[in-house]
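J.: One-letter residues, chain by chain:
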Amino acid sequence: MSRLQQLFARKPKDILNVYFTAGYPALHDTGKVIRALDDAGVDLIEVGMPYSDPLADGPTIQESGQQAIQNGMTLPLLFEQIAEVRQHTDIPLVLMGYFNPVMQYGEQRFFDRCAEVGIDGLILPDLPIYEYENFYQEGIEKAGLDISFLITPQTSDERIRQIDALSTGFVYMVSNSAITGAKSGISEEQIAYFERIRSMELESPRLIGFGISSHETFRTACQYANGAIIGSAYIRALGKGQPVDEATHQFVQQILKTPIPQD
Amino acid sequence: MIAVDERGYYGEFGGAYIPEMLYPNIEELRQRYLEIMQEETFQKEFHRLLRDYVGRPSPLYLAERLSEHYNTNIYLKREDLNHTGAHKINNTIGQILLAKRLGKKRIIAETGAGQHGVATATVCALMGMPCVVYMGAVDIKRQAPNVSRMRMLGAEVRPAESGSRTLKDATNEAIRDWINNPVDTHYIIGSAVGPHPYPDMVARFQSVISEEMQWQLEEHTGSAKPNAVIACVGGGSNAAGAYFHYLNEPDVRLIAVEAAGKGVHSGESAATSILGTKGIIHGSRTLLMQTKDGQIVEPYSLSAGLDYPGIGPMHAHLIASGRAEAISITDEDALKAAYFLSKKEGIIPALETSHAFAALDVMEYNSSDVIVICLSGRGDKDLETFINHFDDYQNGAL
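Those sequence lines, one after another, are chains A and B. Under my numbering, think of the first position of the first sequence as 3, with each following residue one higher. Under my numbering, think of the first position of the second sequence as 75, with each following residue one higher.
What the hints contain is simulated information worked out from the structure, not anything from laboratory work. You may find that some hints are simply not true.
[Claimed, not checked] With a straight-line Cα cutoff of 30 Å, these simulated DSSO-like cross-link-like pairs (lysine-lysine) come out:
1) B:Lys352 to A:Lys144
2) A:Lys34 to A:Lys15
3) B:Lys366 to A:Lys34
4) B:Lys366 to A:Lys144
Construct the complete structure from the given sequences, taking the supplied hints into account.
T.: This is the structure in structure tokens:
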């Protein structure tokens, strides 16, 4: 069983998945951020690969990516950072990012290197399931990586079933029709969508992301799915200039509002 | 056979590499664009507007003095005479009719120099639809007259403040708008780029160019086929239209002219077929200019319509397979060609189009050849640039 599958088997609800951009705020913060998130009680970490043209992201994640690229972030460096931090933590790590840098690195070389440094899964938002099945499924499976696909309020039931069947990590439920960080608060319409998906009894675990930014929105999302994903709100917290450790602990505390579990 | 497959691939290029949020819109287009475009009522309305509003057919003009100079037979396809001054309107008329049939209520577009923005704002005024045009904040400053035109036509021009704040970022912002407004909005892409079915849809709307060329050439020369078709390529919409009906006529040479900027290897260039590598830009697998880490870089050309970091997937395929010949032309040579055409034929071409004319100086041909150049736009918008360099040209300093 992969680290991701072990997590969902061990903890079927209230999963807190936090996204951050690798190389942000400072180039060598990647490992520090991962360890701080792990210490603070986060269950799963999405490591964002910075990209010049992130189509599905709002200003917060765009700017953090620009900053990371300016800092000198590259995929080879990211892999070194991950390999290093992997010696200190067993938390499931998922790489999230756009497909162009993956192609430039070499697709299979990328998948193999991910597995080698201890990445557990991938989220590639601009790699649709058609292209995945026809060109990349075999290579990703061969490398032993999990993959998670997105669904949105507009995704048809038939396509949700296909996406569920192809996802080996989790189904990433985009909470509304918007780019990341677009709004906060959860509407009745969104609740209806969460309920509709819940009633489909998918095989994969579901995590809700986009617009989750507070204890309240996190709790609401957790009522309808196995957990939730926070990105922009954490990036904003990291961007305020506090030390990474402090900013991370405060932020996760605000979201969970429960004592940090002690090992 | 050169044609797009049902998933949008031309050989290995094309496809639809889009976030899931865009899937319903793109899938609806993919399933319906051909059927809608083939409807008799659609065709009637499209061709009526092309005739009565755009002013088509655009003339095919035998440029005698230019032909004499180059010792061959050069015909100019006069897209510069269209309403709004370029070929761009062929596509915006087609797409707005399609948008209406899809029940869309709001139009968005991206623009670089502003030509596609003006063509989109124009058809939105014509149809009474609200229009938002995304334009890089840098380009808004550089292209003030076109910004005023769009506003006068009733469009809202929104500055793209992300990334390098030029065309690629305006395109990103338009895509983000579409993600945020998936139900009521249609995105009119201006070039033969983007996720399938856009490259094919834009090529089909622009294919009226080569459709007319066929019968016009037949009248002029007795044959519908020229020896060569020359067009400038940024994203590649005028080239796609000029090549379309000749794609599977291997004895018709297709010449794609890119912007070399200050020189292909000067670090300031937009010669994508030489400098580009395989990757994904704006949802399409194609050739694009990027760093070794896969970050998209900002290209350079004096002409704002050619400084796109990618190239349409059809053109990537045509060039990679050897069907089309790519030629790159510097800013200087394009300027010289513009001044030369102006004096020889009394036609001031757009700076983009001027690159196509400069190709005559570097390509090989026979004196008996029939060569068609797609004169994609007029040079009014570039007057300031032409004025700035005119003294140098006259002094022989260019």
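J.: Could you run down the list of hints and mark each one as holding or not?
T.: Taking the hints in turn, this is what the structure says about them:
Pair hint B:Lys352 plus A:Lys144 holds up; C-alpha atoms about 24 Å apart against a cutoff of 30 Å. Proximity of A:Lys34 to A:Lys15 is assessed by CA-CA distance (about 26 Å); at most 30 Å being required, the pair is judged to hold. Our distance criterion of 30 Å between C-alpha atoms is met by B:Lys366 and A:Lys34, whose separation comes to about 27 Å. With a C-alpha separation of about 26 Å, the suggested pair B:Lys366 and A:Lys144 falls inside the 30 Å cut-off, and the hint holds.
Violated hints for the displayed structure: none, as all numbered hints are satisfied.
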